[in-house]
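J.: Below are the chains, spelled out letter by letter.
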Amino acid sequence: MTDLWPTDLGTVTTKSPVTILKEQASLLGAKTKNIVKAKVQKTPSYIVPAMPFNYEFMLHAPALDNYSYRLFVVAYDVDLYPVRFWVNDAIAEEMGIKRGDDLFATGEEQLIEILARILGSQKTRQVIQAILSQSTDLVEIDGVSSA
Amino acid sequence: MITLLFWNVGAASRPIQLSDLATRYDVDVVLLAEVVDEPSDLLLALNKTVVAYSYSPGIGNRTIHIFAKFSETYAAPIIETDRLTVRRLNPPGTEEILLAVVHFPSKYAWSDDSQSVECTRLADDIRRIEETTGHQKTVLVGDFNMNPFESGVVSAAGMHAVMDRKVAQRGTRIVQKREYPFFYNPMWSLFGDGTPGPAGTFYHPHAEHKVYFWNMFDQVLVRPALLDRFRLDDLAIIDHTGEQSLLTNTGIPNPQLGSDHLPILFRLSLSVRK
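Going down the list, the protein sequences come from chains X and H. Numbering-wise (the numbering used here), the first sequence opens with residue 1 and increments by one. Numbering-wise (the numbering used here), the second sequence opens with residue 148 and increments by one.
One chain only, chain X, in its complex shape (with noise of 0.2 Å):
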């Protein structure tokens, strides 16, 4: 019998967009000394059927009883792109965004310009400050140090 597939199948050439989440994702750990992480995570519904790879951006407290915030939630197909965001009412405003409008990012340069906006807002900045200081609080009650 022939063997009629491609033989480069097993090489990959493009990151998927949540590979490029995950990696972001991964740098706020050291940032905060491990009090404020990020993660990646698969929604358990569709939020649009035609675009079935649904994640969405998590900032976690461990030291909170696990509190989390949600920061964004992106969906696409099995094309990766267009990539669909769904962003807080903050993030949104600050992005210039008027309420109803889609964010897309059509290809790899324009998901990383997005994400860099989202991570780099204010909003979110709010949020991971608010995180910190309420862990650093807990820690010092527990009488453990944060740093």
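By construction, these hints were calculated from the structure, which means they are not laboratory data. It cannot be assumed that every hint is accurate.
Under the rule of at most 30 Å between Cα atoms (straight-line distance), these lysine-lysine pairs were calculated in the DSS-like manner [claimed, not checked]: (1) Lys37(X) - Lys15(X); (2) Lys15(X) - Lys39(X); (3) Lys31(X) - Lys15(X); (4) Lys284(H) - Lys39(X); (5) Lys42(X) - Lys15(X); (6) Lys42(X) - Lys254(H); (7) Lys324(H) - Lys39(X); (8) Lys284(H) - Lys42(X); (9) Lys37(X) - Lys284(H); (10) Lys22(X) - Lys98(X); (11) Lys324(H) - Lys313(H); (12) Lys15(X) - Lys33(X); (13) Lys98(X) - Lys42(X); (14) Lys284(H) - Lys216(H); (15) Lys357(H) - Lys324(H); (16) Lys98(X) - Lys39(X); (17) Lys324(H) - Lys42(X); (18) Lys31(X) - Lys42(X); (19) Lys357(H) - Lys98(X); (20) Lys216(H) - Lys195(H); (21) Lys98(X) - Lys254(H); (22) Lys284(H) - Lys313(H); (23) Lys357(H) - Lys254(H); (24) Lys22(X) - Lys33(X).
Stretch-level coverage of chain X by chain H, calculated; a stretch enters the list once three of its residues show a Cβ under 8 Å from a Cβ in chain H [claimed, not checked]: (25) 26–39; (26) 65–76; (27) 87–99.
For every residue, glycine included, the Cβ atom is placed at its ideal position computed from N, Cα and C.
Given the structure of chain X, go ahead and fit chain H onto it with the hints provided.
T.: Leaving out everything else, chain H in the frame of chain X:
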């Protein structure tokens, strides 16, 4: 017995009305949306005569405000978005419940379809939290900006909130091999003019063909695990603070004195923790 009041105050300063409501109905937990007052000002108003309330701030959520007659330690946030805060409510001496408070986007900003999608996501969040905490003693309350009969509130993948306590008591329902837990939505019982009080919580007489006039955007949904702690008699749409009416002389919400939304009040007979 714990008494909770939810009110979308309509982006107006309302410390006096809140203080009156809290006193008149002996509210233990005050839940607010669209607040413009500083929490400290509201705290001063709520504690005007007796120092009873503490502020239980969210961490990431700054749009829903909670004041309770117990320390914020007993209302710790578990998960939040900018429109949701879920608290582990475990005041001293009583059993723990999950209290989820939501303020969904308005119909001016979001389509019905988008609201339904948001309900699906909210339902996912709640199911996950219930799995993590190991119980389903959950109350979901807030301004859904949707009526109880809308798809996002009713559908299995959404809130799955039904009008009949007996149906809710079945616990779950399987659709396409997936199991979905019920909520009981007692707000159906307060809809229309067949019950005491206003016909809904939000009045909207828009100049178009399909208009309900009264809407029940503000709702409380109760999981079956808490149904034996909740009686329909312990739920009301509030139209008076005790000192002043929240309605105009034609009987609709008065935003000049209150808000375009009316508060909802409910009680839970939480059992004593052993």
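J.: Each of the hints needs a verdict: does it hold here or not?
T.: Hints versus structure:
1. Lys37(X) - Lys15(X): Holds, at roughly 22 Å.
2. Lys15(X) - Lys39(X): holds (18 Å)
3. Lys31(X) - Lys15(X): Cα-Cα ~24 Å, so holds.
4. Lys284(H) - Lys39(X): Measuring from Cα to Cα gives roughly 27 Å; hence the hint holds.
5. Lys42(X) - Lys15(X): Holds, because 17 Å separates the two Cα atoms, which is no more than 30 Å.
6. Lys42(X) - Lys254(H): holds (28 Å)
7. Lys324(H) - Lys39(X): holds (29 Å)
8. Lys284(H) - Lys42(X): holds (25 Å)
9. Lys37(X) - Lys284(H): Holds, at about 28 Å.
10. Lys22(X) - Lys98(X): The hint holds at about 27 Å.
11. Lys324(H) - Lys313(H): holds (22 Å)
12. Lys15(X) - Lys33(X): holds (28 Å)
13. Lys98(X) - Lys42(X): OK: Lys98(X) and Lys42(X) at ~27 Å, within 30 Å.
14. Lys284(H) - Lys216(H): holds (20 Å)
15. Lys357(H) - Lys324(H): Violated. Lys357(H) to Lys324(H) sits at ~36 Å, over the 30 Å cutoff.
16. Lys98(X) - Lys39(X): holds (27 Å)
17. Lys324(H) - Lys42(X): holds (20 Å)
18. Lys31(X) - Lys42(X): Within the cut-off at roughly 24 Å; holds.
19. Lys357(H) - Lys98(X): OK: Lys357(H) and Lys98(X) at ~27 Å, within 30 Å.
20. Lys216(H) - Lys195(H): holds (14 Å)
21. Lys98(X) - Lys254(H): holds (15 Å)
22. Lys284(H) - Lys313(H): It holds: about 17 Å lies between the C-alpha atoms, which stays within 30 Å.
23. Lys357(H) - Lys254(H): Distance of about 14 Å is within 30 Å: holds.
24. Lys22(X) - Lys33(X): holds (18 Å)
25. 26–39: Violated, because only 0 residues of the stretch 26–39 of chain X bring their Cβ atoms closer than 8 Å to Cβ atoms of chain H.
26. 65–76: holds (count 7)
27. 87–99: Holds, because 4 residues of the stretch 87–99 of chain X bring their Cβ atoms closer than 8 Å to Cβ atoms of chain H.
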